[in-house]
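Each chain, written out:
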Amino acid sequence: MRRALSLIVLLVLAVGLASALRGPSVGAEARRASLIDDDEVNFGRRYNSRAVEETGASNVVASVLVTYRGLDTLGEVTVLFVAATGLAALLHTGRRRRSEREATPASLIVFTGCRFLFPLILLFGAYIFAHGHLTPGGGFQGGAIIASGFLLIYLGCRGRQPESKRLSAVESLAGLAFVLIGLIGLAVGGSFLLNFLPEGSPYALLSAGIIPVVYVFIGFKVGSELGGIVGDLSGAR
Amino acid sequence: MVSPMLLIAAPLGLAFITPLLGLLSERLTRYVPAAAMAFNFTLGLLLLPRVLREPWIVETAGLRPPFSIHLVAGPLGVGLSLLIALVGLLVSIYAIGYVREGPVAKYHTLYLLLLVGATGMVLSADLFNLFVFFEILCISSYALVGYRGDRAGIESSAKYLVQGAIGSSLILLGIGFVYGLFGTLSMADIARNVDSVTPMKVFISMAFLITGFGVEAAVLPLNAWLPDAHSSAPSSISAILSGIAIKAGLYAVARVVFTIYGADTMPMLVLLVGILTLLVGEMSAFSQNNIKRLLAYSSIGQIGLIVFALGLASASGVQGALFLVVSHALAKALLFLSVGYMIYRTGSMEISSLYGMGRRMPVSSLCFTIGAFSLVGLPPFIGFAAKFTVIRAALAGAAPLLTALVAIVLLGTVVEGAYFFRIVQGLHFRPPPEGAAPEQTDQYEAPVSALVPICLLAAIIVAVGLYPGVLTKYLGPAAMDLLDKAAYIHHVLGV
Amino acid sequence: MSFLAGYVQYIGSFGLVLIGLYIVLVKTNLIKVILGINLIDTGVNLFLVSVGYIRMGTAPIFSQAEAAGREMVDPVPQALVLTAIVIGVSVVALALSVAIRLYEHYGTLNLCKIRELKW
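Residue numbers (this note's numbering), protein chains in the order written: chain A, 1110 to 1346; chain B, 345 to 839; chain C, 116 to 234.
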């Protein structure tokens, strides 16, 4: 009964999706030929042709994320923050520290390997988010890599976990810094997240104004948040 | 420096530092949401006269719309964010004393972020940005529903989360279609180009968006999560979910339908969905024994009425809908808040355990009565003026079918009156159940930090009910903000 | 075949969405339902990326060697997908924590057996 009903729902949805695709008008490919393909109207065209001169970042996706759609990125960071806080709140009242039941300690090789790899992973993550405006990558990707370093610590070096207070302090300060950068733009030029720093020369590390600065803060924030989520779910925090 | 952007940025910054404050002292965090909402309320009042003259288009990243995300602070956006700030402020004052157990700092952070999400939704003029703020609202409410960590809370949180997540995916599919069709995400820009594609494709993208936002708005087939979520959450959160969160979902649906797709007539289906939601909500509420479930089902009924009023698609109908949004937000927040301490004191959500409360908690019971009467639509409370506006708008065209539907609306109101009178009568005129605590009025009544917001809400309900002109003069511009697509496009894009 | 070449990415993404939705509607284990939600997210993300795809287009990143060469794909859907992925991760993380708490209360993840409230 339930299966039949859900198959009917799926069928309706499939027909809807298929009929939405009929005829050549969905997607950038199709829009190339249609009326509204003009860089005065079309977002993608315009960003591809002007982003480098407007923001100085050679990675167009980075300039879309941090400047053109910067408010989305702030919201996205907030969503992750909400999830980390909500997860900690939900797990708070539950079991009492399941990690404290005796876990087999990792062997010396695993333990040493994790301690050796951890700083290298952090360094790689930092590289990814510091070069976000030049190469593929950025704050979220770099943050995710940093969180994988934390995951390694939780798995291999129990007893050496990062202090949850410090993680949440980094999280808060990085989020506050993002909002403050936006507000400085509002105070200086009357618009939130304005790129108020000099653009510099393209393809240089110190270029693109606020984009690398914001990406560094996002990297810290995402790294500490995902690290905290991993710690909470593994019962270590 | 004063800009509508601060309505979002300032509470968001405060929410980010709340965990830091929590490390210093957990007591301090209790005042953060109240401070942020007081700031928003003041700023909203300052902005209101200006945006009534002309909507304030807020650009980000120093680019003219539509090429960066922009906010439109029109009469509707600022008006709704004022409502959010007012209800949010009062509920956060209530929560200072009410929320004592569990990770208090995290509660206040999540609560503030929920309000930030709602404020961002009503101000944003970019479809994807609207979705991001919607997600902030949704995810923080999933977590807050399960805040107490008891069986019912966690279970309804799971239910809400699964349904909400599917709704979000549908919205995202709709946004993908919209971007694929128009190559733009600015609502004004989409609205300008909407005639350039075939109606079928427009309809499908719209259907995805409406269904997705409709899950949060709790319109009829999509509202299975609501009674559980609203009844299992802490009372302060139920007040916000019923008062603000569903309204934000409804706002998104209305914005998509009226402003983006420019619907000037609605199919009969919308009116029928509204009426059905109303009837199902009121009938289910009638048969409840659990007071919070009853209030939750009554919210569904009121949502049905608002959908009905929006479905009229006339200026007066939308005005009536907005009036209902305000009156229901105030009255339902009042009801949940005043019931909160009654449940806390008796430890039971059964209606029969509330009998005789009129003696033991006189102020809370009186305010509950005011809220209930306002919801039913008795004069001189705000609910009467709101329902009256809707019914007058429905009868304006003198269409026979609409007259019949109005009769059904009135029938729903009678049902609503029946169950609310039953509770009010129990509160004031029935003896307390066997084994109840002896009468110690001064200790039994809710504390001052709870009575202040409850009495303020009751006072506002009576005051606006007596002088509806205070509110109605803003409803006209706000309704036009929603309905007048050409003016919206003109203000945003300057064409 | 030419029909498939233009639409294969859409078919794949919608297929993922439908499979995920089927899992959510039919399965009773909460972990499986969460996996279904994850599949829907993946499908939707794939759809968003393919909306911005231009055949033979390159990634929208300029470099000194190739300042302006081949046509680039649309960068906006890529930015949207990044946001959507983060939102999806947040929802799934929260769902998993709810599942942990639910298991503590009931000792099962079978949604048919968890019936304190009406489902």
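Hints are supplied without guarantee of correctness; some may be wrong.
[Said to hold, decoys possible] Sample of chain A residues lacking proximity to chain B, with all beta carbon distances greater than 12 Å (derived): (1) MET1110; (2) ARG1111; (3) ALA1113; (4) ARG1178; (5) ALA1215; (6) CYS1266; (7) ALA1283; (8) VAL1322.
[Said to hold, decoys possible] Result set (DSBU-like, lysine-lysine): computed pairs, CA atoms no more than 35 Å apart in a straight line: (9) C/LYS228 <-> C/LYS147; (10) C/LYS147 <-> A/LYS1274; (11) B/LYS817 <-> B/LYS545; (12) C/LYS142 <-> C/LYS228; (13) B/LYS829 <-> B/LYS817; (14) C/LYS142 <-> B/LYS545; (15) B/LYS545 <-> C/LYS228.
To be clear, the hints were calculated from the coordinates, so they are not data collected in a lab. Every residue, glycine too, gets a C-beta built ideally from N, C-alpha and C.
Evaluated hints:
The beta carbon of A/MET1110 is kept farther than 12 Å from every beta carbon of chain B, the shortest such distance being approximately 17 Å. Distance to chain B confirms A/ARG1111 as a non-interface residue, since its nearest Cβ pair spans about 14 Å, more than 12 Å. The non-interface label for A/ALA1113 is consistent with chain B: the shortest C-beta to C-beta separation is roughly 17 Å, beyond 12 Å. The Cβ of A/ARG1178 does not lie farther than 12 Å from every Cβ of chain B; its closest approach is about 6 Å, which violates its non-interface assignment.
Against the 12 Å criterion, A/ALA1215 stays outside the reach of chain B, whose nearest CB is about 31 Å from its own CB. No Cβ of chain B comes within 12 Å of the Cβ of A/CYS1266; the nearest lies about 25 Å off, and the non-interface call holds. Distance check on A/ALA1283: its Cβ comes as close as 8 Å (rounded) to a Cβ of chain B, failing to clear the 12 Å threshold; non-interface status is violated. For A/VAL1322, the requirement that its beta carbon stay farther than 12 Å from each beta carbon of chain B is met, with the minimum near 14 Å.
Distance check on the hinted pair: C/LYS228 and C/LYS147 sit about 15 Å apart at the alpha-carbon level, within 35 Å; holds. With a CA separation close to 33 Å, the supplied pair C/LYS147 and A/LYS1274 stays within the 35 Å bound. A threshold of 35 Å between alpha carbons decides the hint, and for B/LYS817 with B/LYS545 the separation of about 38 Å lies outside it, so the pair is violated. Between C/LYS142 and C/LYS228 the alpha-carbon distance is near 13 Å, which keeps this suggested pair within the 35 Å criterion.
For the hint pairing B/LYS829 with B/LYS817, the CA-to-CA distance comes to about 21 Å; that is within 35 Å, so the pair holds. Between C/LYS142 and B/LYS545, the direct Cα distance comes to roughly 32 Å. Compliance with the 35 Å bound is thereby established for this hinted pair. Straight-line distance between C-alpha atoms of B/LYS545 and C/LYS228 comes to about 42 Å, which puts the hinted pair past the 35 Å bound.
Going through the hint list in order, the structure does not satisfy hints 4, 7, 11 and 15.
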